[in-house]
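2 protein chains.
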Amino acid sequence: MRSFVLLTAALAVSAMPQAVCAAVSQEVASTEGREAASSLPPLYAAELERSRAFVDAMMAEGVVVPQPKDPGGGYTHEQHKRNFRALHQGGQLYRITGEAKYRDFLREMLLQYAALYPTLGEHPAKANQYSGRLFWQVLNDAMWLVHAVQGYRDIRDTLSAADRKRIDDDVFRRAANFLSQDQVITFDRIHNHATWATAGVGMTGYLLGDADMVERALMGSDKSGKTGFLRQADLLFSPDGYYTEGPYYQRFALLPFMVFADAIERNQPERKVFEHRDGILLKALRTTVQLSYQGYFFPFNDAIRDKSLRTAELYEGVAIAYGQTGDPALLSIADFQGRTVLTENGLALSRDLAAGKAQPFDFRSMLLSDGPEGTRGAVAILRQGEGPSHTVLIAKNSSQGMGHGHFDKLAWQLYDNGNEIVRDYGAARFLNIEAKRGGRYLPENTTWAKSTVAHNALVVDETSHFDGDAQFADTKWPEQLYFSDAPSLQVSSGVIDSAYPGVSIKRTMLMPMIPGLEAPLVIDLVNAQSEASHLYDLPLHYSGHIMEYDFDASVNVDVRPVLGNDNGYQHIWVDAEADLEAGKGALTWILDGRFYTYRFAGNGPLRAILGESGANDPEFNLRREPLIILRAQRNGEASFASLLEAHGSYDGAAEQTLDSRSLVSDLDHVSIGGFDIVRLTLKSGQRYAIAVSHNPDPEGAHSVTLNGETIAWTGFASVVALSGEDS
Amino acid sequence: MRSFVLLTAALAVSAMPQAVCAAVSQEVASTEGREAASSLPPLYAAELERSRAFVDAMMAEGVVVPQPKDPGGGYTHEQHKRNFRALHQGGQLYRITGEAKYRDFLREMLLQYAALYPTLGEHPAKANQYSGRLFWQVLNDAMWLVHAVQGYRDIRDTLSAADRKRIDDDVFRRAANFLSQDQVITFDRIHNHATWATAGVGMTGYLLGDADMVERALMGSDKSGKTGFLRQADLLFSPDGYYTEGPYYQRFALLPFMVFADAIERNQPERKVFEHRDGILLKALRTTVQLSYQGYFFPFNDAIRDKSLRTAELYEGVAIAYGQTGDPALLSIADFQGRTVLTENGLALSRDLAAGKAQPFDFRSMLLSDGPEGTRGAVAILRQGEGPSHTVLIAKNSSQGMGHGHFDKLAWQLYDNGNEIVRDYGAARFLNIEAKRGGRYLPENTTWAKSTVAHNALVVDETSHFDGDAQFADTKWPEQLYFSDAPSLQVSSGVIDSAYPGVSIKRTMLMPMIPGLEAPLVIDLVNAQSEASHLYDLPLHYSGHIMEYDFDASVNVDVRPVLGNDNGYQHIWVDAEADLEAGKGALTWILDGRFYTYRFAGNGPLRAILGESGANDPEFNLRREPLIILRAQRNGEASFASLLEAHGSYDGAAEQTLDSRSLVSDLDHVSIGGFDIVRLTLKSGQRYAIAVSHNPDPEGAHSVTLNGETIAWTGFASVVALSGEDS
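One line per chain: the protein sequences are B and D, in this order. This note's numbering puts the first residue of the first sequence at 1036, with every later residue one more than the last. This note's numbering puts the first residue of the second sequence at 1036, with every later residue one more than the last.
Incorrect hints may have been included.
Since the list can't tell identical chains apart, any single copy or any two copies may satisfy a pair.
[Claimed, not checked] The list that follows gives simulated cross-link-like pairs (lysine-lysine, DSS-like), each with its CA atoms no further than 30 Å apart:
hint: 1; residue 1: Lys1718; residue 2: Lys1619
hint: 2; residue 1: Lys1200; residue 2: Lys1392
hint: 3; residue 1: Lys1718; residue 2: Lys1161
hint: 4; residue 1: Lys1392; residue 2: Lys1307
hint: 5; residue 1: Lys1261; residue 2: Lys1307
hint: 6; residue 1: Lys1511; residue 2: Lys1392
hint: 7; residue 1: Lys1200; residue 2: Lys1136
The set of hints was computed from the structure by calculation and includes no laboratory data.
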């Protein structure tokens, strides 16, 4: 019984204009006919060539379906991954070209899986109870099914009844049952692993005509709708399309969301899945793109930093979204990706791109709420300038983001001039590299990468936020107090009371334009309130080579000690330390021909610690990257006001250096009557105040008088020009 | 009296086709006419725009000729540099456009220099006796003159007699006299500083019609020909066009060589300066290009690593060489540079480039002899593959190269996959960055960058070659024993007996192709012979992140000690140490998605030291880069045989990892009867010997029998397939 129409199998060909179809057939009918393929749009034609090269190479090796043995990165792991890619793409090639060799190859491979699958138990390299059958973790089995079922769909009708039954029963039905029944705990989670599982099971249900299977995928194993694919779409994204685990996982989760939604739309258009929850899936796709710089995702939480928009998940996602919306901005993303997929959507996208219909994608400042209701904090993205080297400040005031979350409440990052200037470490993991613990998360992912001190976030008493308790952390989040994307003064402000007992931390970040100084400028105001005495550490993880600092430091030139014993501190080598009685200092570094000065003032004496990651790392798992920590022992209020100033340039080719030294001579911070006033004196003598009322009323008028000088402004914050140098 | 025709002043315009000239005039006559400039070739048109933007901005600021005060990178230093660029380019703009404003600007600036120059004594920021007048070192004054005189040439005829006399006498004659008389020690050196000085003085002589000045520039201050420009051309380049200081200085010296030669050719064509010494200047230009990877110069000696073919000196050099030769390969270099110069040569080059006449530059394996007679060692360049990511192995068997030379005899480097895999530190200097000791060479340039242990060179008894005595070092050099660029097995072999008393060091590097292994592969054979007992250290400075090593090491996880006290050792942090009784080991790292394994065997026990540069660096002047040192205490012969193997790939976007582990299971080295036999066992079971006879006779037949297995080959070296795995 087959009650559902299948995805793109028939549609893709029938929807193609005749001319293109002819070209495709001619292209594939013989090698001689290949020139005719030039009428295919270049992106699609290149994809066809790429797939053909890959699948042909796999066919030349013959079908290889090994007994599962290795963890991530090992031989059997990689072979089963290559196999699911070959099944997926081989099906597409058969559908497009009609060449029997692809069908025969898939049939043979699937029959070998049919022989293997029933013999499998728990994977020998399993790390926990979430063992797969073909792979060491169940997630990979779900990925296998999502891809394989698409390939099977393209050849299933051409098989003998016996082969079909064999493969239906011993591969796909078993795999779907494994995911939805044996691993029901994963299947019923509200988590990206469950999205993969429900997508694989649901698409299998459509293919096998198993309405029950589809229903379980959509509504959860008990069909109540409390779990399952649709509930995931409700709970995993915020109303702004932000996925709580962060962009690295958002990208990953998007594939099953988009591919399964595409299948639902084709099989059950009455479900209007792309309109579900105000079009959340298409919104999520666009938000994913917004969460990137130079194509690379902001490395929140356990992110692998190599991941960019140039990734298989997003080729599929962009094509499906384009098919739904025809939004020409998506064409420019596809152009950046330089890739597409061999579907009807991919063909339409490639054709329109070749026709010059692309429009720039509107990267812009925005506030992305977190949490299913949008009430669990937010991510503020402040952009300045245009083009690939523009500036981005990110204030991460979002929630923990489940098991892959880091203890980095109110942390920030800065990109400028094409580089990550203020860094997030991402995950401590070498994905799929066997020598590094089988490619899994490394011990240092927990001991360093997740710790608060590994982030640009305030640490209290040398412990991580929520004392490093992830389950507790998931129940708490910051509150986004204010956001403004006004070009002259962008602002984000957030607060959290729960990261440490009895300590309230507020952080306000501003990106002002100040005459006489170069953009970007960042003002960072950190304020902690507590009844008790605490040790406060404010780390800044920067990228670059130290040029100078304006304080006397004791430098550890011949024995390099470690900063602490736990909570990430054990991984920090101490290069230098300085006691700053006046609580002020500045550090200048260079990166890629641009100078940056970090200038800071505390509400009392500070200790500045210059350090580097990499201590207590017996397996050389960590990257070695510099940081500065501002340390303050305070009883009551602790405040840190700092300015990150980009200035000048170094051009080695032209041997020209401009403004290698900060253009600022002094920074001063006063907290008065709930207002924050940061006063900057430039070397030119000009003086400015950045005045923050913390009152969101845009009409509210405020003024303070400091040393006889009155500073008046309206609204949440403003840059106020002061009279010349103090006399 | 003006007895000489001046350079391109008249010629450049007269040689232009009418149509182009019209376009130029139209271009500059009014803003409205700008579209017509589209008939200029794009490269030249862009250069005109760039110059116009620069000079117009300088004019907008008004003439600023400050009292000399600052060292390199400081304000007055940079302003006088900008001024000489404005003088040079302003003259070109006046010549091309005829717009009086450029002439007036130059006149005003030169009159201000005429007022300033006679008042100047030694520079207040001078570092030694080679003080300039305008700049802290005389070299910069020479650079000022070389540029300024070209600009002056373009406007001099249009000035009043009084202005002309004032500028002739109080600027150019004084500057020429300062360089050729007050600073005669520099002027009469055989050194690139003298090339700048003689070029400036000689071109001034041509302009002022001062034959005596020209003669002194060409033949030295005493006109004997023992020094001066022509003698420099004889002695500073080897017969292969290699400049003994290395490519960074070769690039720098080329500008005055080429520009002055161009002036000589135009004023005194009978001198046939471009045919001098078998066309050495044009050969030197081509050799300079050969000494680069991805456009960046091999950072031999005190090199600043940012320097590439995209540098003003080479825009000029490539254009002049193209004017002389019409070689279409130079067009592809200009295309890579994306820049040219506003001369007749630049216009012709730009026109031919736009006409599609460019041919690829033939980067190839070559041996470049060093020394004026080609007898002072050599640089061997072994290239493999094509395109920007091809592989280059460099065996630096050249001489010391004067004061900027490093103690790095028989050192090597490797580039692959677009990256520097086996590194040369270059200079410890932040050029023109004031915070870094005024942009001068840093103390660590002497204590680290020049030291032997900072290079991939054998260190004996923890001291540098020649005991770090540069003057002595300049009298000694290695002997290049053999070189082969046969594609299947490229070889370079060199020896030096004088780096350490009583120690002879021979190093043979091979780049073989071995079935079952990926390219590139490097075999490195280091052999030291001595009557006495010594401590031998063989450092390898690699780029990448450690993946694994196959030995037990003691890792300094919480206190990081320093390796030694002097000769560069004080700058090495020790990360880990291991005693290898069998004298064998392997280290694998990853760089940019590719894995590299360094596998080694010594003729006895080895100690492996994993370290990083950056200790004893109180000003944070050093880059922190990893190294491994193989340490051997030997009485008599010390030998190290190693294999550097590239393997596999990591693709984070596709999440595909291939061959992250070495494909080799064992390396074994035997020295027998003067032969070196390296035997490799691959994990596949295949076995190969790399057999080296050290006998250059290509017909010579050799054989050895090891463990009953006979290995036979002909010639200097060969790869010999052995029977399967040892049984």
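Each hint, compared with the structure:
| no. | hint | verdict |
| --- | --- | --- |
| 1 | Lys1718 with Lys1619 | within (17 Å within a copy, 59 Å between copies) |
| 2 | Lys1200 with Lys1392 | neither (46 Å within a copy, 64 Å between copies) |
| 3 | Lys1718 with Lys1161 | between (62 Å within a copy, 27 Å between copies) |
| 4 | Lys1392 with Lys1307 | within (27 Å within a copy, 59 Å between copies) |
| 5 | Lys1261 with Lys1307 | within (19 Å within a copy, 90 Å between copies) |
| 6 | Lys1511 with Lys1392 | neither (45 Å within a copy, 67 Å between copies) |
| 7 | Lys1200 with Lys1136 | within (21 Å within a copy, 88 Å between copies) |
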